[in-house]
Amino acid sequence: MELIKVDNIVKTYHLGNSDVQVLKGVSLRILPGEMVALMGASGSGKTTLMNILGCLDRPTSGQYLFDGQEISRMSVNKRAMVRNGKIGFVFQNFNLLARTSALENVLLPTTYAEDGLSAGKHRQRAMELLDQVGLGDRMDHEPSQLSGGQQQRVAIARALVNNPRLLLADEPTGNLDSHTSEEVLRMFQQLNAQKGITILLVTHDATVAGHSTRIIHIRDGLIADGNPQVQTVVAKPQML
Amino acid sequence: MLKIATTLKTALRALRRNPLRSTLTTLGIIIGIAAVIAMVQIGEGSSAAIKKTIADMGANELIILPGQAASSGVSFGEGSSVTLTSADASAIERECPSVSSVAPVVNGRMQVVRGSLNWVPQFLVGTTPTYLKIRNWSLAEGRAFGTEEVDGANQVCILGATDVKELFPSGKPLDKTILVNHVPLRVIGVLSQKGANMMGMDQDDIIVMPWTTMKYRVSGTALQNQNQSAAGTASTFSTDQLYPETSQNLYPVPSATQQQDFPQPVSFPNVNAILVSVSSGAEIPQATAEVVALLRQRHHLRRGQPNDFNIRNMTEISNALGHTSQLMTNLLTGVALISLMVGGVGIMNIMLVSVTERTREIGLRMAIGARPADILSQFILEAIVLCLFGGALGILFGQGLSSAVKVALHWPIELSVPAMVASVVVSVVVGLIFGYYPAWKASRLDPIEALRYE
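Here the protein sequences come in this chain order: E and B.
If you read the first sequence in our numbering, its first letter stands for residue 648, the second for the next number, and so on.
If you read the second sequence in our numbering, its first letter stands for residue 440, the second for the next number, and so on.
Possibly wrong hints are sitting among the right ones.
Straight line, CA to CA, 30 Å or less: simulated DSSO-like cross-link-like pairs of lysine-lysine [as the list claims (entries may be wrong)]:
#	chain 1	residue 1	chain 2	residue 2
1	B	442	E	725
2	E	725	B	448
3	B	611	B	633
If you are wondering where the hints come from, they were derived from the structure by calculation, not from laboratory data.
Excised from the complex, chain E in its bound form (with noise of 0.2 Å):
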């Protein structure tokens, strides 16, 4: 089955007077295991569909089915809650709260956490994440003792504390250069190919788009190629 399944979706926002739509009826299925980027300039909708593949967002019409739950008519509170379970966010601008240790940054998605896992066993989880980004002797450290590269890993680290079903990261390597994007990007093709974890990788860069195993162009709110319907057969992703 589908992890994500986008059926004619319509995104219309009210600027004054007008109506402008964003997205004019997208569709497309990711399937679990995949690591798929989602290209488009900027003013392409691009932003729009991936606020609204992350659940941060509802569609203005048609449907998303995300692990087979209806999206587009759930309430705020029940959104809240599949982000927190299912989906790790990784930023441009990373967000880690400053002044706060890279292990309690880990920790932050736990504390709304509903998985009924004891604090302890949170920490622990927290602590082997950082440990596999290759940040274990740094937990202490506040971000900004930490360098670009090594937020960016404490982010990713923070994505999968609650072990999400997809990992949607909103050009992950924006502000980093290019050798610690590099590092970067060789993570998340780790992380999928090891670990199976679905990943969403939004960017306008075609060099951090051919990390990925398919690639989906968005313009002007539609889907422009990429074979967004159905891929019945998931690449291998290719090893570095």
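Take the given structure of chain E and dock chain B to it, following the hints.
Frame of chain E, contents of chain B only:
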């Protein structure tokens, strides 16, 4: 419960991230609570001092007077009947739980002579040692008379300051003898100065002696000059026992027939008044009821029969006292509310700034699964924690302030636990009220907008 604990932890962590600002934010609350605590403590201290002063004037006293006698429709006025005895006084002390002490009073107005000087004191009082306690009156020198001296009708007395001045212009009255109505009394003590009472009468113009001395030796008659109906009541009661050999032959002993023809009015061990002190003004009605019940029983009054005594209290004074302290409390509450309002507005202001400043954080929290209710409770809890923290510091500062005032200015202060409890409660309420709007604003943010906020 667990949810609240985690939210509280989150709130505390957020506050710890900016300790200087958190402290400055609470400054308004700290100052407000400190001012309230200091003022309440100083206020209660002065209130207690005022209460004590008014109690000195007799606010907590009851005065029991004998009832009025009447003959052929002519009433002789209050105190004209002979109904109160010293036994009544002891019974009241024994049997009325609301009463703290009791003193019978026998008074009169007579000339006092010492050498070539003479004087008529305003108050010539025969009583028991408790009288001084009830009237909160201390001795400047010498000693008070004891219970044995009352039982023995000893010829001793205590002088008020005015009488010392009139009778002993050179001072040193102790152990000297004065003549009261030709009866020699030894001065054993001098009262401290008290000044005029509310009616402008000089309270220091007083001579106090055992009531037995006053009744059986000095005045020699029972209410002779007051009770017209009992005029001519001769004192035959106790001088016989006290001076058995001298009084025997003064008059011929009446025969049985003579006694029947001219019955001698009996001299009662009656007193002019009974002074009763109650531990606090609030207990006056209770004490009054107890005394009335007891005296009616002792005087064998039937249901429906009027009381043969009257009870007076200083209602006016105790009402004034009540109004004064009420006014004081209201004033302080008003000041407290204003200062806490100011503090609360400060909290709201900073919380609003904080919400704006932390828009990105709020967006992030929402993106990773915080519900609006979580954000709301986090910010409200932050405000409450800030206020509680401010309240605690405020209590400490207020305590320090009032102690400093006590040390520096010697003002009386009184530790007020209710004020502290109220401060804590008020802090929480202020945090809740003034933290709500910023928190509500935070919870209404759109995560997408908030995450993009620069």
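Each hint, compared with the structure:
1. This hinted pair checks out: residue 442 of chain B and residue 725 of chain E have alpha carbons roughly 17 Å apart, not beyond 30 Å.
2. This hinted pair checks out: residue 725 of chain E and residue 448 of chain B have alpha carbons roughly 24 Å apart, not beyond 30 Å.
3. Using a Cα cut-off of 30 Å, the hinted pair residue 611 of chain B and residue 633 of chain B holds, with the two alpha carbons roughly 19 Å apart.
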